[in-house]
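**Q** Each chain is listed here by its residues.
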Amino acid sequence: MVLPLLRNTVLLSVLFLGSACNAQEIKICTQAEAIQAETEASKLGNWQDVYSSFKRFVHCDDGAIGEGYSAAIGRMLAYKWVELTTLSELATKDKDFESFVLKHIDDTVPIQEIKMIIVNAQTRCPDDDQELCAKIHKAAAPE
Amino acid sequence: MNRKDPLGLTWLEFNRATGTLLVHPGFTDTQGPPVAFDASNNAQRGSRGAWASGTYTFAYWVSHAGDGPDDPYGSHGNHVFNVPGCQGCGVHSGRQDSCDRANRCGSNYATNGCIRTTDEATDLILQMHNGGDPLIFLWVR
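Protein sequences, first through last, are from chains A and B. Going by my numbering, the first residue of the first sequence is number 486, and it counts up by one from there. Going by my numbering, the first residue of the second sequence is number 289, and it counts up by one from there.
To be clear, the hints were calculated from the coordinates, so they are not data collected in a lab. Note that the structure is predicted; figures quoted are calculated from it, not measured. Some clues are possibly wrong.
[Unchecked claim] Once the Cα atoms are required to be at most 25 Å apart in a straight line, the calculated SDA-like pairs of lysine to any residue come out as:
| hint | chain 1 | residue 1 | chain 2 | residue 2 |
| --- | --- | --- | --- | --- |
| 1 | A | K528 | B | R336 |
| 2 | A | K528 | A | H544 |
| 3 | A | K528 | A | C618 |
| 4 | A | K600 | B | C387 |
Could you build the full structure based on these sequences and the hints that come with them?
**A** Here is the structure:
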């Protein structure tokens, strides 16, 4: 009788603590952060800046802010492919960042840039980055 | 449905069936009737989706100074509304001369949840807003 009760108490405690921890992880995007994130997202011009913005504002990645990140990431992969090595280093270090970048190769990236990204991933991939190129290609040409 | 503006302030009406955004001036007696522009709410896959029908109060404007008609938000910034559960959901233009992956172009180009219209519409909204006739809400139907 006591043992099941104790077990349930422990289970409830774990659930409660788990919920509390999750609650702490949810970061609210304030209006000031949303304005700052939206203002800078579409103008980011190198992977280090994209990563810095991601670290500061990933909790704001929604609506027009997300469209701005897609614009910057699409432009980087289409026109600054030579900087792929920097993306590869950051993505290896931080898998959440890799997911963020791949997610933003989306329908709001202009079709002409999508076509360039596909060609870049297929024909200009460094030997060390084959896995990342395959993921980029899959994100750009999902069907 | 008839909606009156008792305060004499600008409001917007997005009709998803007709693909139009009506800009209602605050003072129709002196400023004339509402003006219609092309608009769409083609929220891409994986986004929060299209706006639910209803009324949304204006929250803030992000300028995107220096941007042009083909940039992501167009030439006159993003008018953001209080949309439950969404940060940065607003009305903007942009991608005037571009097509998206699904070959939708101009004001039909995909968004990440926002309503996209023309540069002419956002220009008029901004003129109203800064000219003593502030934007107060958006009605989506």
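**Q** State for each hint whether it applies.
**A** Hint check:
{"no.": "1", "hint": "A:K528 - B:R336", "result": "holds (23 Å)"}
{"no.": "2", "hint": "A:K528 - A:H544", "result": "holds (19 Å)"}
{"no.": "3", "hint": "A:K528 - A:C618", "result": "holds (24 Å)"}
{"no.": "4", "hint": "A:K600 - B:C387", "result": "holds (12 Å)"}
No hint from the list above goes unmet by this structure.
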